[in-house]
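Could you build all of it, start to finish, from the sequences and the hints given here?
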Amino acid sequence: MTGSAIGDAVRAPYEVLAWLIGRWSDALAAVGDALGIGMLDYVFMHHAFLVGGLIAVMAPLVGTFLVHRQMALIGDALAHTAFAGVAVGLFVNSILGTGISPYIAAVVVAMLAALAIELISEVTDAYNDVSMAIVLSTGFALGAVLISLNTGGLAVGINQYLFGNLATVSRENAALLVVLFLVVSVVVTVTYKQLLYVTFDETAARVAGLDVRWYNRLMTSLTAMVVVGAMQIMGVILVAAMLVVPVAAAAQVARGFREALLASVVLAEIAVIVGITLSYRYEATAGGTIVLVAVAVYVAMVLAGKLQSRRGVAEESGATTTAVDPDADGTAGD
Amino acid sequence: MSFEGASSVGDGGTGVGDTVGRVVDTDDRVVDADDLTFGYTAAPVVEDVSFAVDRGEYVGIVGPNGSGKSTLLRLVLGLHEPDSGSCRLLGHPSLAFAERERVGYVAQDVTEDTKRMPITVAEVVLMGRFPHAGFGRVTESDRERVREALRTVGIERLADRKVTALSGGQRQRTYIARALAGEAELLVLDEPTVGVDAESVDAFFDLLERLNDEGMTVLLVEHDIGAVLEHASRVICLNREVYFDGSPTAFAESDALDRAYGTNLVGRKEGEK
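Just so you know, the protein sequences line up as chains E and Z, in that order. My numbering numbers the first residue of the first sequence as 1 and each following residue consecutively. My numbering numbers the first residue of the second sequence as 335 and each following residue consecutively.
Quick caveat, the hints were computed from the structure, so don't treat them as lab data. For each residue, glycine too, the CB sits at the ideal point set by N, CA and C.
Derived list of chain Z stretches under chain E, where covered just means 3 residues or more per stretch with a C-beta under 8 Å from a C-beta of chain E:
no. : region
1   : 429-440
2   : 451-458
3   : 461-467
The following residues of chain Z were derived to be distant from chain E, with all beta-carbon distances above 10 Å:
no. : residue
4   : ASP417
5   : GLU478
6   : VAL528
7   : GLU548
8   : THR583
9   : GLY596
Pasting the structure below:
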């Protein structure tokens with residue numbers, strides 16, 4: 001972005017973000033010094049914790065709505081089209097000699113793919129896994145072909161997009177993620193009620209006057225943003241896990257929807273912080289480590305949920321039978 | 335075709351039916367369907383159906399499977415655009431109807447699809463307030479209305495229970511409470527008792543009757559003809575076309591049932607006058 005009007009318009013807010021990210025770095029470095037935590041000596045770890053922490057908020061925030069609409073697969077499909085976006089970005093850069101961040105290209109392509117999936121599902125009247133699988137493999141194939149078309153310098157960097165990389169989270173990429181995070185959280189906060197209604201009961205939502213198609217498009221677009229944001233450290237292949245696993249874990253123990261939303265964010269934060277720390281200590285790939293921790297958390301929650309319901313049965317066996325016994329209900333009502 | 339049912343009283347003054355921009359005080363026609371025809375494909379599922387529901391009525395729609403009952407409801411609610419004919423809901427064209435909170439909709443148990451979704455009874459009922467709140471915050475008075483609605487349907491003690499942990503009957507009460515919380519004037523129910531056990535069904539119909547007594551207009555699609563005859567103040571028998579529109583007693587004495595169920599789309603005859 002050299003000299004153009006757009007470049008200038010973007011520069012000022014970027015400077016602010018970069019400054020803020022610098023202060024975050026200082027703060028973590030100070031904490032590291034005080035507590036003698038060696039990994040906090042490195043700026044890339046500061047960026048990793050920042051990016052990871054934000055992903056752990058926005059992925060479950062969007063994922064909760066997706067999972068409970070049985071649309072968990074859409075994250076996977078969008079991640080693979082985002083990979084195509086990365087390839088397009090790299091391709092354009094090498095042809096035209098521009099310096100566009102491949103992640104920007106990924107955001108654009110993933111958003112387009114999100115809308116394409118929505119349109120397909122509106123036409124065919126269902127989120128069918130076939131169309132999802134087609135979008136998924138088309139994206140990945142396109143990415144693979146574009147990259148092979150100009151090998152050389154390109155192929156080297158491809159692993160970082162496939163598997164993610166802690167060490168390559170630059171300040172620019174962190175800034176992009178902060179922007180995505182702000183967009184996603186503001187949009188979900190403002191449209192929480194509408195998204196919840198559409199998620200729970202689409203027909204009733206339509207009767208209540210909500211434009212369901214519009215909210216579906218909104219939801220998939222948000223998913224695209226989360227996917228691209230999380231791709232940096234999670235990688236294409238594992239990014240969908242952040243949308244799904246913490247949400248599934250929270251659903252095991254939560255009773256209400258708001259409760260489930262909060263729980264999934266907390267569990268995702270645990271997975272990210274523990275995962276990044278472990279991956280630094282044992283020099284393992286961050287994305288994989290985070291997902292394994294998240295799955296471990298999920299298993300723990302399944303067990304906790306089982307215990308909870310067993311204790312529930314033991315403690316209030318009367319109340320549980322009410323749920324099954326129609327008689328108690330009928331007489332109480334009238 | 336016009337079907338003026340035996341018990342369809344109190345429609346004096348609303349004869350000016352289709353004047354656009356009808357004023358509020360003549361708005362006691364809650365539903366006004368005029369010659370509705372609609373098909374998902376070229377074959378119509380609903381053909382030349384006209385009927386009206388006045389404020390305070392309790393209308394039951396019966397008919398064999400695939401007779402277009404649910405489709406008719408969807409047309410009334412403005413979820414489909416009719417191929418021909420028109421429908422008005424609370425005085426406005428159904429398709430352009432904006433005051434959505436005035437209509438409460440209860441379908442067959444939807445939690446079949448969202449079985450594992452963690453959401454409490456109170457959260458579901460609060461959805462009734464969402465059209466009122468728009469993009470704004472839910473206020474304490476919204477929550478008070480939720481508690482009131484839960485009391486009315488008799489499940490306030492279940493407020494913090496997971497919806498998926500309820501029985502079918504309790505769940506349907508939850509959806510009624512959602513409509514009440516939204517201050518609905520018209521309750522539209524599409525086979526609400528499917529999958530609900532017999533005793534809860536009785537209690538459910540008692541609840542509907544009580545709400546109707548308090549002024550709620552009820553439009554009910556139901557496969558159980560006996561229940562409709564027992565509870566509704568008016569019966570519409572549908573099999574693509576209207577075969578009968580009138581009081582339950584008149585319906586029981588007529589041969590509309592045999593014709594509607596026996597002559598599936600063959601031997602079309604004029605409906606009851």
